[in-house]
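**Q** In case you want the letters, here they are:
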Amino acid sequence: MERAAIIGIGSTKIEGNKVRETFADMAWEATNKALADAGMTIDDIDNVVTTSNDFWDGRTISCMAVGDASGAADKNVSCVEGDGTYGAFYGLTRCLSGSYGTTLVTAHTKGSQSISSLITNAAFDPIYSRELGMDMITACALQANAYMHRTGTTPEQLALVSVKNHGNAMKNPLAHLPMNISVNDVLSSEMIADPLHKLDCSPVSDGCCAMIIANESRAAKYKQKPVWIKGVSFYADSFLLGDRDLSRARSLTAAAKKAYSMAGISDPKKEIDVAEIYDAFTYQELMWLEEMGLCGDSEAGKLLARGQFNVDGALPVNASGGLLSGHPVIAAGLIRMAEIVKQLRGDAGAYQVPKAKTGLAHGVNGLCGQSHCVWILDNEK
Amino acid sequence: MKDQFSGIEAMVNKSKIGVPYSWWAGDTASKFLISLRDDKKIIGMKCSQCSKVYIPPRKVCPTCFIDNTEWVEVSDEGTVISFTVARRQLASIPKKVPVIYAIIMLDGADTGILHFIDNIQPDAVKIGMRVKAVFADERKGRIRDIAYFKPL
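So the protein lines, in turn, are chains V and C. Residue numbers are given in the working numbering: position 215 of the first sequence equals residue 230, and the series is strictly consecutive. Residue numbers are given in the working numbering: position 29 of the second sequence equals residue 39, and the series is strictly consecutive.
Among the hints, erroneous ones may be present.
Below, in silico cross-link-like pairs of lysine to any residue (SDA-like), each with a Cα-Cα straight-line distance of 25 Å or less [to be verified]: (1) C:Lys-26 to V:Ser-131; (2) V:Lys-48 to C:Phe-15; (3) C:Lys-24 to V:Lys-48; (4) V:Lys-213 to C:Arg-98; (5) C:Lys-69 to V:Gly-381; (6) V:Lys-28 to C:Val-22; (7) C:Lys-136 to V:Ala-39; (8) V:Lys-272 to C:Thr-73; (9) C:Lys-105 to V:Ala-138; (10) C:Lys-105 to V:Pro-141; (11) C:Lys-26 to V:Leu-133; (12) C:Lys-26 to V:Lys-272; (13) C:Lys-150 to V:Asp-140; (14) C:Lys-26 to V:Ala-39; (15) V:Lys-28 to C:Gly-17; (16) V:Lys-213 to C:Phe-15; (17) C:Lys-136 to V:Asp-260.
Some residues of chain V that are not near chain C, with every Cβ distance over 10 Å (derived) [what the hints assert, rightly or not]: (18) Asp-58; (19) Gln-158; (20) Asn-199.
These are calculated hints, taken from the structure and not from any lab test. Given the structure is predicted, the values throughout are model-derived calculations rather than measurements. C-beta atoms are modelled at their ideal positions from N, C-alpha and C, and glycine is treated no differently.
Generate coordinates for the entire structure from the input sequences, incorporating the hints supplied.
**A** What follows is the structure, encoded as structure tokens:
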């Protein structure tokens with residue numbers, strides 16, 4: 016693939032309730048942080064992609080309502096509905112098309128303004144399943160049981176993901192829920208839907224992330240050190256949950272394989288230095304790691320217990336604290352990418368992974384990981 | 011810099027989105043729902059190429075990418091593929107918790123159907139257990155014409 020790079024990132028703090036800020040206020044803050052990070056002005060931005068979801072925003076054509084605050088006035092602005100990694104994918108293709116040298120991508124959500132159970136229930140098919148009343152938590156609980164049944168992964172191993180990620184967030188000033196907790200704290204927290212306790216679930220947060228992508232000729236023109244996009248791919252599985260083997264994520268396996276091949280990676284276990292993975296629920300971090308080949312099948316829980324995925328482990332995963340420590344839904348995957356950019360530039364501060372050169376960022380769209388988007392980033396061209 | 015907004019009360023516009031909406035079920039789902047309502051029978055569509063039987067039925071085989079043309083009746087008994095017990099009264103749940111949700115592979119089908127399990131202690135539900143559909147007394151041509159699945 017032709018070369019392109021991420022040359023600027025900016026995120027708001029992730030919070031439980033940004034009552035003093037509108038969607039546009041959040042976009043304004045993230046956009047200006049990204050421009051400052053890149054050493055650019057809005058005049059250096061050739062086009063804009065905003066990412067949002069109308070149900071979460073409580074309005075139709077929600078993406079157009081943040082255009083002004085994202086600096087899109089008098090520019091070509093387009094929209095993606097879904098996770099921020101998909102907005103970034105579209106932004107990348109616009110840079111690679113030759114029509115634009117730089118794309119500003121934003122993604123935002125406010126979980127605080129609605130009732131997440133009703134919003135995610137609306138993702139179910141209105142004829143065949145919606146009136147049963149399932150939502151994201153109950154659907155993912157079905158998947159967690161299927162995954163644990165197949166792999167023998169235990170509730171204690173799930174709880175350890177929560178302990179690790181909330182603990183990592185203690186060093187991330189942008190995190191929503193930094194916490195020092197124990198496995199027992201997780202297992203004794205409210206059981207929401209078996210096997211998911213309250214502390215197995217991410218919060219639904221408020222936040223916005225912005226990112227600037229540039230093609231090769233523009234990437235070197237500004238002050239920031241570019242982080243190069245080496246591979247990116249996404250695949251989708253069937254829509255209806257009953258059509259899939261919920262204990263597996265074959266679309267993730269396919270997306271990871273393609274992204275590794277684009278990046279020339281033959282042994283991802285050895286060649287990926289740091290990963291930010293879509294951990295909306297504890298089991299997901301383990302399941303996604305296995306399904307993208309970053310550890311063996313059914314092994315993630317055991318390796319986690321041995322410290323493999325700690326910040327000082329062989330493969331640090333969600334050093335930022337992950338989604339368990341802050342989950343503005345649509346921005347979630349774009350934040351994963353921004354966190355990898357920080358790690359590869361050496362800008363991650365107190366949670367910096369030493370000598371991180373190649374990183375993996377991951378986003379999800381749809382119920383129970385229907386679609387997965389995998390990015391391989393590198394600090395060398 | 012002085013915060014020009016310090017001390018300002020945060021105003022909130024409390025409202026709701028409520029838009030009446032009618033989802034046309036289409037021919038395929040209509041036939042399935044009518045069969046539940048009038049005959050208490052669960053019917054699926056079979057792909058003529060890969061022979062997969064889709065429950066709930068849909069017009070297209072996603073694997074072969076051709077029209078499904080053959081209707082087949084499947085059993086009202088099946089096996090639990092996965093399940094969860096909802097313990098918190100989440101806003102979307104239409105019944106009093108605990109509510110058991112499951113994916114059930116009906117005998118004769120190749121895809122699972124989402125539904126409730128009831129008439130069993132929540133802690134007794136297991137992956138692999140056998141269940142049977144219980145039809146609602148009053149049926150309206152909806153997915154809840156199956157009231158729930160009970161243990162066999």
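**Q** Decide, hint by hint, whether the structure agrees.
**A** Hint check results:
Proximity of C:Lys-26 to V:Ser-131 is assessed by CA-CA distance (about 14 Å); at most 25 Å being required, the pair is judged to hold. Of the pairs offered as hints, the one joining V:Lys-48 and C:Phe-15 holds, with about 21 Å between alpha carbons and a cut-off of 25 Å not exceeded. Taking the CA atoms of C:Lys-24 and V:Lys-48, the gap is near 31 Å; set against the 25 Å cutoff, the hint is violated. Our distance criterion of 25 Å between C-alpha atoms is met by V:Lys-213 and C:Arg-98, whose separation comes to about 10 Å.
The suggested pairing of C:Lys-69 with V:Gly-381 holds, with an alpha-carbon distance near 22 Å, which does not exceed 25 Å. With a C-alpha separation of about 21 Å, the suggested pairing of V:Lys-28 with C:Val-22 holds against the 25 Å cut-off. Only pairs whose Cα atoms come within 25 Å are accepted, and C:Lys-136 paired with V:Ala-39 is rejected, the gap being roughly 48 Å. Note on V:Lys-272 and C:Thr-73: the hinted pairing holds, with a Cα-Cα distance of about 21 Å set against a maximum of 25 Å.
Between C:Lys-105 and V:Ala-138 the CA atoms are separated by roughly 19 Å; this keeps the pair inside 25 Å, and the hint holds. Distance restraint check for C:Lys-105 and V:Pro-141: the Cα-Cα separation of roughly 18 Å lies within the 25 Å cut-off, and the hinted pair is therefore satisfied. Pair hint C:Lys-26 plus V:Leu-133 holds up; C-alpha atoms about 12 Å apart against a cutoff of 25 Å. Straight-line distance between C-alpha atoms of C:Lys-26 and V:Lys-272 comes to about 44 Å, which puts the hinted pair past the 25 Å bound.
Restraint check: the Cα-Cα separation between C:Lys-150 and V:Asp-140 comes to about 18 Å, which is no more than 25 Å; the hinted pair holds. Of the supplied pair hints, the one linking C:Lys-26 and V:Ala-39 holds, its CA atoms being roughly 20 Å apart against a limit of 25 Å. For the hint linking V:Lys-28 to C:Gly-17, the alpha-carbon distance of about 21 Å falls within 25 Å, and the restraint holds. A distance of roughly 35 Å separates the Cα atoms of V:Lys-213 and C:Phe-15; the hinted pair therefore is violated under the 25 Å criterion.
About 17 Å separates the Cα atoms of C:Lys-136 and V:Asp-260, which keeps this hinted pair within 25 Å; it holds. Every C-beta of chain C lies more than 10 Å from that of V:Asp-58, the closest at about 25 Å, which supports listing it as non-interface. Distance check for V:Gln-158 against chain C: the nearest CB is about 7 Å away, which does not clear 10 Å, and the non-interface claim fails. With a least beta-carbon separation of about 19 Å from chain C, V:Asn-199 lies farther than 10 Å from that chain, consistent with its non-interface assignment.
Taken one by one, the earlier hints fail for this structure at numbers 3, 7, 12, 16, 19, listed in ascending order.
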